[in-house]
Amino acid sequence: MTIAAPFLAVTLLEVAWMVVALLAMFTGLSVVVLSLTWLERKALGRLQLRLGPTRTGLFGLMQPVADAVKLILKEDIIPTSSDRAIFWAAPVIVVLSAFMIWVTIPAAEGLVLRNLELGLFYITAFAVVGILGLVLAGWGSANKYGVLGGLRSAAQLISYEIPVIMVVVAVGMLAQSLDLRVIVASQQQIPYAALLPLGMVVFFIAGLAEVGRTPFDIYHAESEVVGGPFVEYSGAHWSVFFLAEYINTFAIAALVVLLFLGGWSWPWGAAALSWLPSLPDVAWLGPLLHLVWFLIKVYAVILVVFWIRGTFPRLRIDQLMAFAWKAMVPLSFYAIVITAVYLFYDWPAWTLTLMSLTGIVVVGYIVYRKMMEPARRIAEVKARQAAQAAQRQASRQTG
Amino acid sequence: MNAEPVEMLLNMGPQHPSTHGVFRMVLWVDGEKIVDVEPHIGYLHRGSEKLCEGEQYHQIITLFDRMDYVANFNNELVYCQAVEKLMGLAVPERAEYVRVILCELNRIASHLLYVGTIGLDAGAMTPTMFAFRGRERIQSLFEAISGARMMHNYFRIGGVKEDLPDNFERLIADLLPLLKEDVEESDRILTFNEIFLTRLKDVGSISAEEAIDFGFTGPCLRGCGVEYDVRKAQPYSVYDRFDFDIPVGLDGDCWDRHWVRVQEMYESLKIIEQALEQIPEGEVVSSLGRRLIRPPAGEVYVRAENPRGEIAVHLVSNGTDRPYRLKVRPPSFCNLSAIKRLLCESWIADSVVILGSLDIVLGEVDR
Numbered sequence: 001m002t003i004a005a006p007f008l009a010v011t012l013l014e015v016a017w018m019v020v021a022l023l024a025m026f027t028g029l030s031v032v033v034l035s036l037t038w039l040e041r042k043a044l045g046r047l048q049l050r051l052g053p054t055r056t057g058l059f060g061l062m063q064p065v066a067d068a069v070k071l072i073l074k075e076d077i078i079p080t081s082s083d084r085a086i087f088w089a090a091p092v093i094v095v096l097s098a099f100m101i102w103v104t105i106p107a108a109e110g111l112v113l114r115n116l117e118l119g120l121f122y123i124t125a126f127a128v129v130g131i132l133g134l135v136l137a138g139w140g141s142a143n144k145y146g147v148l149g150g151l152r153s154a155a156q157l158i159s160y161e162i163p164v165i166m167v168v169v170a171v172g173m174l175a176q177s178l179d180l181r182v183i184v185a186s187q188q189q190i191p192y193a194a195l196l197p198l199g200m201v202v203f204f205i206a207g208l209a210e211v212g213r214t215p216f217d218i219y220h221a222e223s224e225v226v227g228g229p230f231v232e233y234s235g236a237h238w239s240v241f242f243l244a245e246y247i248n249t250f251a252i253a254a255l256v257v258l259l260f261l262g263g264w265s266w267p268w269g270a271a272a273l274s275w276l277p278s279l280p281d282v283a284w285l286g287p288l289l290h291l292v293w294f295l296i297k298v299y300a301v302i303l304v305v306f307w308i309r310g311t312f313p314r315l316r317i318d319q320l321m322a323f324a325w326k327a328m329v330p331l332s333f334y335a336i337v338i339t340a341v342y343l344f345y346d347w348p349a350w351t352l353t354l355m356s357l358t359g360i361v362v363v364g365y366i367v368y369r370k371m372m373e374p375a376r377r378i379a380e381v382k383a384r385q386a387a388q389a390a391q392r393q394a395s396r397q398t399g
Numbered sequence: 400m401n402a403e404p405v406e407m408l409l410n411m412g413p414q415h416p417s418t419h420g421v422f423r424m425v426l427w428v429d430g431e432k433i434v435d436v437e438p439h440i441g442y443l444h445r446g447s448e449k450l451c452e453g454e455q456y457h458q459i460i461t462l463f464d465r466m467d468y469v470a471n472f473n474n475e476l477v478y479c480q481a482v483e484k485l486m487g488l489a490v491p492e493r494a495e496y497v498r499v500i501l502c503e504l505n506r507i508a509s510h511l512l513y514v515g516t517i518g519l520d521a522g523a524m525t526p527t528m529f530a531f532r533g534r535e536r537i538q539s540l541f542e543a544i545s546g547a548r549m550m551h552n553y554f555r556i557g558g559v560k561e562d563l564p565d566n567f568e569r570l571i572a573d574l575l576p577l578l579k580e581d582v583e584e585s586d587r588i589l590t591f592n593e594i595f596l597t598r599l600k601d602v603g604s605i606s607a608e609e610a611i612d613f614g615f616t617g618p619c620l621r622g623c624g625v626e627y628d629v630r631k632a633q634p635y636s637v638y639d640r641f642d643f644d645i646p647v648g649l650d651g652d653c654w655d656r657h658w659v660r661v662q663e664m665y666e667s668l669k670i671i672e673q674a675l676e677q678i679p680e681g682e683v684v685s686s687l688g689r690r691l692i693r694p695p696a697g698e699v700y701v702r703a704e705n706p707r708g709e710i711a712v713h714l715v716s717n718g719t720d721r722p723y724r725l726k727v728r729p730p731s732f733c734n735l736s737a738i739k740r741l742l743c744e745s746w747i748a749d750s751v752v753i754l755g756s757l758d759i760v761l762g763e764v765d766r
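Protein chains in written order, with my numbering: chain U, 1 to 399; chain S, 400 to 766.
It is worth saying that the hints were derived from the structure and are not from the lab.
Positions of the beta carbon are idealized from the N, C-alpha and C atoms, including for glycine.
Take the hints with a grain of salt, since some may be wrong.
Unchecked claim - Cβ pair distances, simulated, as ranges:
(1) LYS579/S - ALA390/U: 21 to 29 angstroms
(2) TYR368/U - GLU680/S: 50 to 58 angstroms
(3) ILE296/U - GLY430/S: 43 to 51 angstroms
(4) PRO330/U - GLU626/S: 52 to 60 angstroms
(5) GLU437/S - ILE296/U: 48 to 56 angstroms
(6) LEU289/U - TYR468/S: 53 to 61 angstroms
Please model the entire structure based on the sequences and the hints provided.
This is the structure:
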């Protein structure tokens, strides 16, 4: 589908088709969000010696529905001192930008609402719009925690936007395209995760920060700013933010899969499937299998996100910014440089892998040492403790 | 537009999720930095000390349950000891051992709660669940012994209410290995986590001299490297019969306080094991304690080591069946007094962690 016709010349049928497609995307994403909330609660529960939801339907599967009904029926409170227009607009901006991203993310070869040749550019551009919504939400709710959270989100998301864009540039250089379908197609043999592991690590970590997941959930940190920009929102308004957050998480996971894990392509290309009995020749079967495979990959990435949430505390704002500017940004520039060198001199593929692994190991080691620096002093304490205990033991025996 | 730094007044509490009860801080913040802080306490003030003057001696035990409601047994113990000292009452051996076992179990339960809350303050949910598993197990044992999970009202002046249940040995034999596992797991999941270290190390540091000036006791003082523990410095009950160490930190920061608490759980386990070996048979309450308690006129000052620090009771009796005056020195209150010194020049996010590492219980601060 190309945009050949001028806007006014679009036929009614095309408009109707677009509306149907948008509604389908909206429904699909909503179902995905429902599944994600259930999965998060179940996965976290299992990590935390709990069962997660069990009361609503089989395995608590209806829990998201119950939650949604509860949220929609709740009273929607608007604080009297809030800026009503901004208060209303903020959730809309956040959720619109979240949905807009998905317009151009393909879930299978042909399964995309509107494929753009500059798809990645479009996605990174719209990812920033959501920040505006968060800042407005914090400001408009006339709450100090909200303002703090909104400003935190602006600082955090803009800082982490840079490594995301830089890594996207590196991937674009590798694929020689910003079209997501082309990028996936060029990973038929080797996924970029093998070629540029550095890129995937940086993109995944910065992506976590982009969507405000643990350990980067400081802008809505429950124990500090009590929900940050969302503190005054309730009911349906709050659920809209919630929806946007999960759609964004899903988008980041999908982008990790598309950019680095080969999208819907099978490992080692289609040849790996040659041992299978040939599939019946139905037109929709191929895309369907692609979609299933794509979703499996995305949900696997999302489970890692939940796993991290179940494991780590959160960073402090200054540590978070330091991590962005001292580790993530230099690493993402390094990714561009090594990709350029690799492409310019036409070196074999393993050199790029080697160079990016070196980058991860070196920077990872420095960050680890810096974070574990106190551990050295702790070892000192422990040694002293042991010496004291031994001394006491000795004095007890003699005395 | 004014380019000067603008200070914002940020009210934290009493309904903030991480002020550990109903504590309120008014923070003056410059961006994310705290410039000044004004603590407000008293939201949980019930006038416990005054209430004590109107109750008979044996009724006061329940009031002590409700002061530090996370370490009920330890609180009951210090009060009972004060009255016993005033009356010159000898407690049966077995009762002393029962008290020590329960107090040390309660210490572990209290520190496990601390591990859970500091995890939440730092943003990690999972340690809470791991810590509460152990805490639940301890509370189930308490329920089997005293009939209540909290607010036990089990200690009596001159002993304990009744002997341990018949199946106690099996219960505690089942509990201890599991508890050891719980303590180890809640230690492993949090203590050396890189992000947790980054958040807590060198945050809220205080020197030993300053800590002593503020009246710090317990893990907060030991985190500064001062080896002071009432159980060793002035052994009460039968604590002089056990072999245990006093863990001390080095820098007096949040992480050292955390580490001291975690190590104390291991030490408590050691004490419990030794107490179980040594516990004799016999009476659990002295016959004198069963009568109406009417201590002679006089006053007494008794202290003990609570999970939060040194708790002391100053009891003045005028010879009636009710105390003339009862003053409690709550460890949380003294530890909390340093909040202004600790918070100034730190980040907003640190305020939560520092408050968590002081491990206050508002029931005790406000009384």
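Now the hints, each set against the structure:
The hinted window of 21 to 29 angstroms between LYS579/S and ALA390/U holds, with their beta carbons roughly 23 angstroms apart. For TYR368/U and GLU680/S, the Cβ-Cβ distance of about 56 angstroms falls inside the hinted range of 50 to 58 angstroms, so the restraint holds. Roughly 44 angstroms separates the CB atoms of ILE296/U and GLY430/S, a value that falls within the hinted 43 to 51 angstroms. For PRO330/U paired with GLU626/S, a C-beta distance near 45 angstroms fails the hint of 52 to 60 angstroms.
Hint check: GLU437/S to ILE296/U, Cβ distance near 55 angstroms, so the stated range 48 to 56 angstroms holds. The beta-carbon spacing between LEU289/U and TYR468/S, approximately 59 angstroms, falls within the hinted interval of 53 to 61 angstroms.
This entry does not satisfy hint 4, going by the numbered hints stated previously; all others are met.
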